[in-house]
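**Student:** Okay, here's what each chain looks like letter by letter:
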Amino acid sequence: MSDFQVIVVGSGCAGSVAAYELAKAGKSVLVIERGASAGAKNMTGGRIYVHSLREVFQDMVEHAPLERRITHERISMLTNDAAFTMDFSSRSMLEAGQDSYSVLRGNLDVWLADQAEQAGAEYIYGIAVESLVKQDGKVCGVRAGEDEITADVVILADGVNSLLTEQAVGFARPSPSHMAVGIKQVIELPGSEISSRMLCAEGDGAAWLFAGDATKGLPGGGFIYTNRDSVSLGLVATISAMRDGKETICGLLESFKAHPAVAPLIAGGKVVEHSGHMVPEGGYRMMPELIGNGVMLAGECAMMCVNLGYMVRGMDYAVAAGMHAGRCAAKAIDAENTDKAGLESYVQALENSFVLKDLRQFQLFPEFMESNHRIYNEYPELIRDAMQAMFIVDGTPMPRLKNSMLPLLRKVGLMALLKDARKGMKAL
Amino acid sequence: MSASTENYVNYVNMDAYLGLNRFEVDEGNPHIELVDDIDILEFEKLMRVCPAALYRLDENSSPSFDYAGCLECGTCRIACGDTIIKKWKNPEPIMGIQYRYG
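Chains as they are written, first to last, in the working numbering: chain E, 1 to 428; chain C, 1001 to 1102.
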């Protein structure tokens, strides 16, 4: 007889949702979280698309501690001396099921854990699971210090830096070319000031991504997400490129904050937290096996993340994966088959959902983004030069636009442009 | 040491930022340990990628690393494999970073 029917490691989006589903299904479930509270070891950019939270919690989502509804999508191409920004807003962003919100995990994760606890899940905080307990090749519990706790199923939801996936499914350290380092500061500003600087109605906000000079041409980019009374500002950069380059991630953050397009947005703001977190950017091709004998993986420990350059998603995948993991584990327990074959329905459920469909769909994209240096270097410069040809007036006779644009395109190379467009379209 | 790398980090600023975070430091019990014989080129890689800039050169240009401000992101664990990091584990119960915002 096991101590619990299910042990969930980690109380982020995937873990707490899995525990919530299991508790609702009447299963005994223990969540082990290494932070002193939920979210204490966690960080996001970030913005969450709430469709999958709604599927789990329905109207209760209205009570979730979300920051601002995102009503502006902005993308900037930066050179060190110029910025070109696109701004998209649409009524479609407001419709239920299509809406997204900025979030801070310190709040969101506590709320998610509360939902699971109220449904009947048990929680232990402040303990890091050190290893899995196996018997006859089947995972049957976890170990922390001298203590062993047993369960019929263990769900790993312990995040991008999981030290347990190797033991669970043989997934050791991911490659540094598949991982990015994220650095972020939360910068406090009055809410009304944020609304006016970001051109947003009260309570609404912007998601803003920056390419080019944000990372001084390295694969990656900058971001700003508006919270209620702060902005989350940071950078993401591929670890292998960063490691082998000349810049430091901390130095890049400082120069990003000082960029003429960014500095006015945060002027007078007060940094209140400095954080770091890895982002799994390799997509479908870097994912581990999602189940092992007696064990399931959900969320970032399974590398569930899609970065398309103009959009970064992870939390809605984690919520959906946690939901399916919880439901499928409950079914496996009812069927008294919790070995690998018994957990197979989880993989099927993800295959049938947007989670694996999206990850599969965009599996070529990470390599395209990582290998194409022009996106971070030549293209921001091309756009700057083209915009200068259009907007800069000095009283000298203006050439035909065609005559000023074509040389710019030739500088990058027409063939290179065509190839990148084709490759990009193929990967998307 | 490439001068370009060092010039980009203002360690005074970085320490001020880290000072804003809430940490429970497990004195005398580091959760990350480096090998004894440090390859400076490998060490420089960690100087570039660590988002807390904890991998530094001291006044004698010798490598120094302080686990006390660690954000527990795992980037150093991924960046250099086993060439330089001997041990990387999660801090002991309720030790380490405690994000308030996240």
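Honestly, the hints are just simulated from the structure, not real lab data. This structure is a prediction, so every number in the text was calculated from the model and none was measured. There could be a bad hint or two in this list.
What the hints assert, rightly or not - Example chain E residues on the side facing chain C (calculated, C-beta under 7 angstroms, incomplete):
id	residue
1	MET179
2	MET198
3	LEU199
4	VAL272
5	SER275
We treat Cβ as the ideally placed atom computed from N, Cα and C, and that holds for glycine.
**Student:** A separate judgement is required for each hint: does it hold in the structure or not?
**Tutor:** We went through each hint and held it up to the structure:
{"no.": "1", "hint": "MET179", "result": "5 angstroms, holds"}
{"no.": "2", "hint": "MET198", "result": "18 angstroms, violated"}
{"no.": "3", "hint": "LEU199", "result": "24 angstroms, violated"}
{"no.": "4", "hint": "VAL272", "result": "6 angstroms, holds"}
{"no.": "5", "hint": "SER275", "result": "6 angstroms, holds"}
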